[in-house]
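Residue numbers (the numbering used here), protein chains in the order written: chain A, 1 to 240; chain B, 1 to 240; chain C, 1 to 210; chain D, 1 to 210.
Take these hints with a grain of salt, some might be off.
Where chain A lies over chain C, by a calculated footprint (3+ residues, C-beta under 8 Å) [claimed, not checked]:
#1 47 to 53
#2 92 to 100
#3 124 to 138
#4 158 to 168
Okay, derived cross-link-like pairs now, BS3-like style, lysine-lysine, Cα gap no bigger than 25 Å in a straight line [claimed, not checked]:
#5 A/K189 / D/K136
#6 D/K13 / A/K4
#7 D/K182 / B/K227
#8 A/K189 / D/K182
Some, not all, of what chain D presents toward chain B, calculated at C-beta under 8 Å [stated by the list, open to error]:
#9 T72
#10 F82
#11 I91
#12 G163
#13 E205
#14 H207
#15 E209
Hint data in this document are derived by calculation from the structure and do not stem from the laboratory. Since the structure is predicted, the reported quantities are computational estimates derived from the model, not experimental observations. All residues carry an ideal CB built from backbone N, CA and C; glycine is no exception.
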Amino acid sequence: MANKLYPDAKAALDGLLFDGMTIMSGGFGLCGIPEKLIAALRDAGVKDLTVISNNAGVDGFGLGQLLETRQIAKMISSYVGENKEFERQYLAGELQLEFNPQGTLAERIRAGGAGIPGFYTKTGVGTLVAEGKEHKDFATASGTETYILETGLVADVSIVKAWKADPYGNLIFRKTSRNFNPMMATAGKVTVVEVEELVPAGTFDPDHIHTPGVFVQRLFVGRDYEKRIEQRTVRQREPA
Amino acid sequence: MANKLYPDAKAALDGLLFDGMTIMSGGFGLCGIPEKLIAALRDAGVKDLTVISNNAGVDGFGLGQLLETRQIAKMISSYVGENKEFERQYLAGELQLEFNPQGTLAERIRAGGAGIPGFYTKTGVGTLVAEGKEHKDFATASGTETYILETGLVADVSIVKAWKADPYGNLIFRKTSRNFNPMMATAGKVTVVEVEELVPAGTFDPDHIHTPGVFVQRLFVGRDYEKRIEQRTVRQREPA
Amino acid sequence: MWTRDQQAARAAKELQDGFYVNLGIGMPTLVANFIPEGVDVTLQSENGMLGMGPFPFAGEEDPDLINAGKQTITELDRTSYFSSTDSFAMIRGGHIDLSILGAMEVADNGDIANWMIPGKMVKGMGGAMDLVAGVKKIIVLMEHNAKDGSAKFKTACTLPLTGKGVVDMVISELAVLARPAKGAPFRLIELAPGIDLDMLKGRTEGHFEA
Amino acid sequence: MWTRDQQAARAAKELQDGFYVNLGIGMPTLVANFIPEGVDVTLQSENGMLGMGPFPFAGEEDPDLINAGKQTITELDRTSYFSSTDSFAMIRGGHIDLSILGAMEVADNGDIANWMIPGKMVKGMGGAMDLVAGVKKIIVLMEHNAKDGSAKFKTACTLPLTGKGVVDMVISELAVLARPAKGAPFRLIELAPGIDLDMLKGRTEGHFEA
Chain A
1 MANKLYPDAK AALDGLLFDG MTIMSGGFGL CGIPEKLIAA LRDAGVKDLT VISNNAGVDG
61 FGLGQLLETR QIAKMISSYV GENKEFERQY LAGELQLEFN PQGTLAERIR AGGAGIPGFY
121 TKTGVGTLVA EGKEHKDFAT ASGTETYILE TGLVADVSIV KAWKADPYGN LIFRKTSRNF
181 NPMMATAGKV TVVEVEELVP AGTFDPDHIH TPGVFVQRLF VGRDYEKRIE QRTVRQREPA
Chain B
1 MANKLYPDAK AALDGLLFDG MTIMSGGFGL CGIPEKLIAA LRDAGVKDLT VISNNAGVDG
61 FGLGQLLETR QIAKMISSYV GENKEFERQY LAGELQLEFN PQGTLAERIR AGGAGIPGFY
121 TKTGVGTLVA EGKEHKDFAT ASGTETYILE TGLVADVSIV KAWKADPYGN LIFRKTSRNF
181 NPMMATAGKV TVVEVEELVP AGTFDPDHIH TPGVFVQRLF VGRDYEKRIE QRTVRQREPA
Chain C
1 MWTRDQQAAR AAKELQDGFY VNLGIGMPTL VANFIPEGVD VTLQSENGML GMGPFPFAGE
61 EDPDLINAGK QTITELDRTS YFSSTDSFAM IRGGHIDLSI LGAMEVADNG DIANWMIPGK
121 MVKGMGGAMD LVAGVKKIIV LMEHNAKDGS AKFKTACTLP LTGKGVVDMV ISELAVLARP
181 AKGAPFRLIE LAPGIDLDML KGRTEGHFEA
Chain D
1 MWTRDQQAAR AAKELQDGFY VNLGIGMPTL VANFIPEGVD VTLQSENGML GMGPFPFAGE
61 EDPDLINAGK QTITELDRTS YFSSTDSFAM IRGGHIDLSI LGAMEVADNG DIANWMIPGK
121 MVKGMGGAMD LVAGVKKIIV LMEHNAKDGS AKFKTACTLP LTGKGVVDMV ISELAVLARP
181 AKGAPFRLIE LAPGIDLDML KGRTEGHFEA
């Protein structure tokens, strides 16, 4: 079998990086982000990046690290509210930003991975998001409705965080840390994955695999996950 | 919780059927077909059906039963090679047939369930399948390529076979009997599901659920599954 | 006049047994506290979860388990997880019965604006445009007037839209305005205690049938 | 001239270590018997499986586990299952390295016809159109001539097409014809034992570079 295992993030990215490249980065907020690969991108110093990610991290963590070093030229995101450095660079005109509705972003990534160059959606019709896009009417159960054309997205490299992998690159995600990761795994020309645990071949029930190994080119086990929580909300135990 | 559980196929279909309706039926070949629901459709006698199913069963089993009784007016399928009665009715002009490439059929069903009225694909460009369809050029990594527009599919009722369900309608499929079932579950105005086993709430690992309960309106446990094999292929044990 | 909790409780009356519901960030989150007895609803979180449970007990937070507001939450015996793509296929495909959202402005044709103020830093629309376009019924929970006193239910939105003609019901601290179908005019359904029609009209710009 | 097994073995030489491969029904299935030593390939079955194993031992057939030819098969330690939609997303998205298919006709511009004969009952294209449109490399394994002696590698297909300009290599019992890229002309790569260029040309209609 072609070996997919690498010792660490640096080794897993070796030879893949170039200035001006497009990178998809999994995660929702700070949940399920590829911590180790983002840090390795920072250390590699690659620049003028276009980064496709639902959010932009926070100051000093996640994609915030690549903003601090000015490695990102453009973000394609749905929500970037959690990052002061982002706001500063954007308002200073140092950073380009393309907002996509979250579901449109997710579907564009799926489409890119599935060989679908364009699809129609009702999301954003009549808003700024629809400006300059092709409009088309389709007959539906409730009459004719107008939809807009959205295009598929692909990346030079997708960086993905999963929970567990086997040596074939089969992946399993955990709870809501799944989010954008499985789709991004399909839409990278090369997909590099970090996991918390590598299990022996044959460990997974083949009905439970979320991402089949065909989508994973490189793989390593990350250590000491920080997994920061953005909004720690708790309830009190009822008095006994 | 709204009750989704019904005693049997007949009860689960009660009130949903009308002549001329469109039905999606899961399965690939005879693998993962909703045996009990197909038999109940036959018994109900509903007619002039448009049936969306990858295949058309075999003589006397699966959708073949609805062909025998002339309940099907039109099939939307990718391959119907296994059925003599189908051939007879088709050649006699008694049955309409719309062939879709298998992947286009699968994607059209997903699109219908996902609120996507149309998408572009390369499949079928330059063939009979493309005739009369909108063509559009998209820029790709390898230059400009031509794609055709395919539309989403929905059904009045989807009939689905899963392996296990819980009372919330969460579903798990088994091996290659998954096939078209999960997508069809999303594309029925009403989705009726038969399973081999009902498990108590909370039994499933929520990371392993294939179809979330939101897509399932009615549910019952089928008994004595026949699960016919079309091509029984085996190998010999090596002599010891 | 209703308090914020009463407003949320009024919105909770719109929940029906068996509904799948998506609650927006802020006041809509409060609705979960007022789900009527005997009504079972399943909460969807658009980051990839159906069957959202309450906040965890202190010390039991799981960084891999958050809602769309990035808050730590818990799972239930009905919970399923899925990808963002599958989550929005569920939303866009019309499988969610109800979404309750906040808004900066709603117009009497059902337009809603709740994501950007020109000239201010824009954080992004997140999933709001997908929700208003895809969910079967859209309820807006908002204050009746802005801080400057201007009406938030208007003849036309002045801010960039989140969705066009999508709102079905507005619940403010003064009243409930609703319409039976997209395209129909809004109508007054209920006044909060101590509010009469003239008071409501005086503080409203958009048209509604009394 | 190659036997069917030799033809399949010749096709198997095109497999590279780590390839994900989809094998069509019929002669292409034989290729699995000739995978070279040291070359690890993963077989995809378009009904929703990656990592297809051999036929089961008698008595161990599982009706829930079949391949795209509806044959009973087994799983391996690498196997994963997925829906038909995900399976064809994998195919259409260009994630499968190689597909080996049968054909009734191939044209020297790469067109392929393998799904219908006008006037005969048509069984359907199944996944063939998706495979030829989506898979990175398409190899056709076919007899060099039809039963009536006519060449199957032609200047133009006479039957309705399965795909346009998609074939990269043709392996018949006489020769291997291939081209370095879609759009390039076919070239003779290899002759079967006992076949010379004139014999090949005499039995071929389509153009190829010698």
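Legend entry - Hints violated by the structure (numbers, ascending): Hints 2, 7, 13, 14 and 15 contradicted; others consistent.
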